[in-house]
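Chemist: Below, each chain spelled out in residue letters.
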Amino acid sequence: MVLLQAAARVASKTATIPSVQPDMTVVLVGVLSALVFLLLAMLVANMIKFEPGANPRDPQKRRLWFWLFGILATVLTFVLLFFVFNPDMTPTMVNSLSKVTPAQKAAFKKAYDHYMLMAGISAGITFVLYVLLGFVLSKIFKTKKIGNWF
Amino acid sequence: MDNSKLFVIAIGGTGMRCLESFVHLCAIGMFDGREINVLTLDTDYSNGNKSRVEGLIELYNKVKSDGANEGGANTDTFFSAKIKLYKFFTDYSNQNRRNFNLLSAPLSAGIANGDEIEKDDKDLSDLFFDPKVQEFNLEHGYRAQTHLGSLLMYHGIVEAMKGVVDNKDQALPHQKSLAEFIRALVTEPNARVFVFGSVFGGTGASSIPIIPKALKDASSLDSALTLDLDNVKFGSTLLTQYFSFNPPDKKEKDAEKIIASSDNFAINSQAALQFYQSDPTVKKYYKRFYHIGWPESMRMSHATSGKTLTGGAEQTNNCHVVELLCACAAYDFFTLNADALNNEKVEYVYRSVEEKSNAFIFTGKTFVANDSDLLANKLGVFLSFAHIVLSLNGAATKQGELGTKAFIKFLAQQNTHDYDGLTDEQTKDIDKYLKMFAYDINAKREFVPGWIYQIHSSIGSGQFVFKSSAFEEDPKRLENIDPGNIFMDEKHRWKHGVFGSNYNTLAKIISDDPTCKPKEEVQHVNTVKEKFLAHIYKGIAKAQNYDTK
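So the protein sequences, as listed, match chains L and D.
So for the first sequence, the numbering used here puts the first residue at 1; every next one is plus one.
So for the second sequence, the numbering used here puts the first residue at 1001; every next one is plus one.
Chain D extracted, bound-state conformation (with noise of 0.2 Å):
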């Protein structure tokens, strides 16, 4: 097995929503016994979207942390790469750092001091930026201005090393943690890195061109650490235009100065692949670009009742179906052979979806094509188990039932004692983050989606890996789904006599197989936790016919 670390930075609002999906993949357990290293990169430090993602590794590492011992990576069960997560912002909510002007201030004050030079630097600014970009609000994101985004994305990196490297006790927790991020990559000997952002937008596609220069400036600030880039592999997606959102009106137009508007990302997406294209940075930098698009017909909207969202704790759009495939693109990236990232220039590599009656099919083969089967068994046992708990122990479906917690009852009950040191909160962990996987029932019993069912309304009415009775939206028949008939195919529905039913063949394989008991030399599972959560796992990829090692 490779232990090599992996490290993923995910870059503005389209880039946070990607890592939720990688995070999911996380999950499920398509990065077995992997040590990822994430950083979640953004201006906005309020955004929705990056406070969801942040909450859910939050969330995913609470999950595998057992008082004292935080987990490690395991291999052959659920939550099994270690995520170490890194937060970094560039800081534009200070009053005198709000927009570029002021940010460059002491350029001006320098004018008023007659330096030529400084002056010379404002009129290169007033060259590349309308009076209007130098003025808007950056706390929002850099708003689909890129040129600006990416000399302020650089600038803020390296600033943000430099206040580390000047006084490390006097710097921000979010500088401090850039720099330990830099340090696990320039310490990790042929370090991976993916990057997830969207080329049509503002924070994302500014920064994607500029991350492999920036960190290695920043680096070299340290004598201590130099980024080789020769040694390190980046790989990104090049998302194109996917969701529309409403389009700004004069007044918000006069108000922002400048508005990002979803009728431009069409010609943004275009300019950015013709500047991927051809510039030999990035060309020299990135090893491989993964196209993903959507067609313009089938985009789906984030529109907000009234005004135009610019971002902030407000923007928590739904996921889409595309984050999936950028995911899944950093999958191939980081199980790539060695040598097929040897390449001088950037691969550019896509793959095309399935389409019957304008509709597209998604299966496991659409998403990850070597390893098919492994994506679509893991996600439909992660799946089977959030029903199992959501929707049959009702810890969505009926308030103040046990979820988690009754298999734990059960085990009990079968005389199975080993898990009986889990507590309340531990297993609510559990509980809630399969609330954020699959979906929750509100206080008012409204349905409200999570991350798989977001997906899978995003594609309309295509297909999505399994049937669409998997997804399931009343309250009242979800609490008697058949967790077990979740597949499209035979082979991985589970079987049970003519009295029995699919809950029952579980719960008899768990109970009473010795196969699926958690191997630890095996499996690397040392907390309680992690070995209830392999027990859970190995019991249903075994209901599921999923021949796990």
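Isolated chain L (complex conformation) (with noise of 0.2 Å):
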């Protein structure tokens, strides 16, 4: 859809150069990323119930939801920035505006070079965060079920 609308604004050819999140902005969405799904991971971990016998599976099954959340969270995080928080026009479309000195043109493609970056880096952000809290949380409560994490 944002890009839809964003393809109709060049095809006009008299759209402004869209402007570009702020480090802090992406950095954020991919620590909220982190925090919701270790909060999700928690909840489905305290769902798993024990189970009795030789050989309970739930530890390996809490384990394999906190990773697969893990996985999840990261993927989340880089999709909402390339899709979501993106700006809505691509260096190429800005090339393809009339109104844009080429001086513009440069300073959007670096600022959106950065922006890709940076959703990079949210998204690496994102997992490590998550595996790391993820592991203080399950040491401090190691006897509970999240303890099964590590």
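Just so you know, the hints here were simulated from the structure itself, not pulled from any lab data.
Careful: at least some of the hints might be erroneous.
Stated by the list, open to error - Simulated pairs of lysine-lysine, DSSO-like, Cα-Cα distance not exceeding 27 Å:
1) D/1467 / D/1062
2) D/1084 / L/49
3) D/1062 / L/49
4) D/1519 / L/61
5) L/139 / D/1542
6) D/1476 / L/49
7) L/142 / D/1409
8) D/1467 / L/61
9) L/49 / L/110
10) L/144 / D/1409
11) L/61 / D/1062
12) L/49 / D/1409
13) D/1517 / L/142
14) D/1476 / L/61
15) D/1542 / L/49
16) L/142 / D/1542
17) D/1491 / D/1542
18) L/49 / D/1467
19) D/1519 / L/139
20) D/1542 / D/1519
21) L/49 / D/1491
22) D/1062 / L/144
All values reported here derive from a predicted model rather than from experimental measurement.
With the hints as a guide, dock the two chains, each given alone in a separate frame, to form the complex.
Modeler: Shown next as structure tokens:
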């Protein structure tokens, strides 16, 4: 939808250069994503029942869901930053605009490239933060169900 | 807490089964912090019920012990009482001690020498005992011949003590064991002794009246020991007939000379009760008698295929609820205030059971009136534990599964490593005890009822403390039994959320609730095994909403 709107603006050739999200926002998306998925992983860990018997599989299930949510959080951060928080035009689109000076185009390309780099870093931050916080929580609450994560 | 030692004497086959119930009461934690000295007394050393209960006590002590440490008396936990077992039997296995005639052989020899006094003794024997009574094999008990039994049991006890006093090194282990029991009794000020036995059979009925005097006279043989019967409070049950068995046919009667018949149990009971009512010795030494009976229409059959069993290793009868009532009578006796036992003459007590549509309703209050919540809760905690270990953790339902060990593994998975030191053998002892308490599934996948299942089935269509679904017998359905849903009342059922389960509730409490961790100073638990059992006990009690100390 966003891309379609952008394409329509490009077609009119009169659109202005879109703004690029500041680094703080990009990192915040990553951090929030990590926290939300960590919360989800905790919820699911608690929902998985303790199983009796010689080979209970509940600890493996909790571990599996933890890593699954970690990957999901990372992917979702990148997807969010790429499709939702990204500038609604690519540098190629901006290049086709007639009312934009070459200097502005070059500045936009630089800002856009930086944003994409930050999106990747933010996705990385999501994963690292998720695992790090998960590890710390697991060790703090080692006798609880989330203690099974590590 | 009263730390005085308690004494229990179990006599004969019925006495042994009452003791079995008593030991299970100890296992569920009814005798917190007490040391109990148990004497098993029988004429039949190979009796199946005797071997079973002695094996049970040995297993109980194995469960409590931890390597070199034999475990002590604890509080608020399973297996909280410390039980010391003493075994004694009047030995009739030897060929020259098999019947009364042989036992009194020196008298006959005396007659040949013309000794008039010994001839008088023989005449006296003939006056009281029929020739057949003097000739039957004593190895399987006194066969309802209580007049002979009382004499021989008294003789057996005094003879054993004499053997120890005369030459301790030469004395047999069972004689030494009796002497040690008497020594423990003499050295305990204000001791309480509870005697288990029936009044309708042979050995128990013969022994209950003479036990106090026999112990006193035996102790007086050792100059260092004298049992002052004024300081010892005796209590017992007057347990009348509650089971029947195959009547003997003519061939068996001829072969055995004397053989007990359950057809005579009612008349035996009546005669015994008349005796207990009038005998001055009994009335003087016993402080309290608990009348316990069972309706004839609901009598359980101990029928065996083919011949009538007179005793021996094959005599391993199922347990009955009246035996649990006897064990609870002992609990009542041991927990009475000292003032309640200062009576000059014996007191007779009884309690009736609620009946609905010709079936009995047994609640906690039926067994222990003052501590009804205590018994039902403790029994419930142990039954839940048994179902978790045997059913859910597969000690009985699945071959080669972990049972109790699964708890250790679970706690380790939850990063609690306090019990990692428990060996497979130690946890298997706990499993084995729980199988004797509840049930087992044998190699042919057949259900084998343990003590509590036998008690439950002895009631027939009646009700026994818990829901009938708590006594599931189908091996497949047992694998999914809910250990938290055994109580009739809502209050003691475990609670769980929409996504949870009762096992989940318990596992969370055990792994994560600091109030369930064993407290060494309060619970007096020292060994790893004692701590583990205390932890599980507290966890289940909490899930059951039973407020422990």
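Chemist: Each hint: holds or not?
Modeler: Evaluation of the provided hints:
About 31 Å separates the Cα atoms of residue 1467 of chain D and residue 1062 of chain D, which puts this hinted pair outside 27 Å; it is violated. For a cut-off of 27 Å, the pair hint linking residue 1084 of chain D to residue 49 of chain L is broken: about 42 Å separates their Cα positions. Distance check on the hinted pair: residue 1062 of chain D and residue 49 of chain L sit about 34 Å apart at the alpha-carbon level, beyond 27 Å; violated. Our distance criterion of 27 Å between C-alpha atoms is broken by residue 1519 of chain D and residue 61 of chain L, whose separation comes to about 34 Å.
Straight-line distance between C-alpha atoms of residue 139 of chain L and residue 1542 of chain D comes to about 26 Å, which keeps the hinted pair within the 27 Å bound. Pair hint residue 1476 of chain D plus residue 49 of chain L holds up; C-alpha atoms about 21 Å apart against a cutoff of 27 Å. Restraint check: the Cα-Cα separation between residue 142 of chain L and residue 1409 of chain D comes to about 15 Å, which is no more than 27 Å; the hinted pair holds. For a cut-off of 27 Å, the pair hint linking residue 1467 of chain D to residue 61 of chain L is broken: about 34 Å separates their Cα positions.
Between residue 49 of chain L and residue 110 of chain L, the direct Cα distance comes to roughly 51 Å. Violation of the 27 Å bound is thereby established for this hinted pair. At most 27 Å may separate the alpha-carbon atoms for a hinted pair to count; residue 144 of chain L and residue 1409 of chain D meet this at roughly 15 Å. Taken as a hint, the residue 61 of chain L and residue 1062 of chain D pair is broken in the structure, with Cα atoms around 38 Å apart against an allowance of 27 Å. About 16 Å separates the Cα atoms of residue 49 of chain L and residue 1409 of chain D, which keeps this hinted pair within 27 Å; it holds.
At roughly 16 Å between alpha-carbon atoms, residue 1517 of chain D and residue 142 of chain L fall within 27 Å of each other, so this suggested pair holds. Of the supplied pair hints, the one linking residue 1476 of chain D and residue 61 of chain L holds, its CA atoms being roughly 26 Å apart against a limit of 27 Å. Under the criterion of a C-alpha separation no larger than 27 Å, the hint pairing residue 1542 of chain D with residue 49 of chain L is consistent with the structure, at around 19 Å. Of the supplied pair hints, the one linking residue 142 of chain L and residue 1542 of chain D holds, its CA atoms being roughly 21 Å apart against a limit of 27 Å.
Our distance criterion of 27 Å between C-alpha atoms is met by residue 1491 of chain D and residue 1542 of chain D, whose separation comes to about 12 Å. Between the alpha carbons of residue 49 of chain L and residue 1467 of chain D the distance comes to roughly 25 Å, so the proposed pair stays at or under 27 Å and holds. In summary, the hint linking residue 1519 of chain D to residue 139 of chain L is supported, as the alpha carbons are separated by about 25 Å, within the 27 Å threshold. Between residue 1542 of chain D and residue 1519 of chain D the alpha-carbon distance is near 15 Å, which keeps this suggested pair within the 27 Å criterion.
The hinted pair formed by residue 49 of chain L and residue 1491 of chain D meets the criterion: a straight-line CA distance of about 23 Å does not exceed 27 Å. Between residue 1062 of chain D and residue 144 of chain L the alpha-carbon distance is near 33 Å, which puts this suggested pair outside the 27 Å criterion.
Checked against the numbered hints given earlier, the structure breaks hints 1, 2, 3, 4, 8, 9, 11 and 22 and satisfies all the rest.
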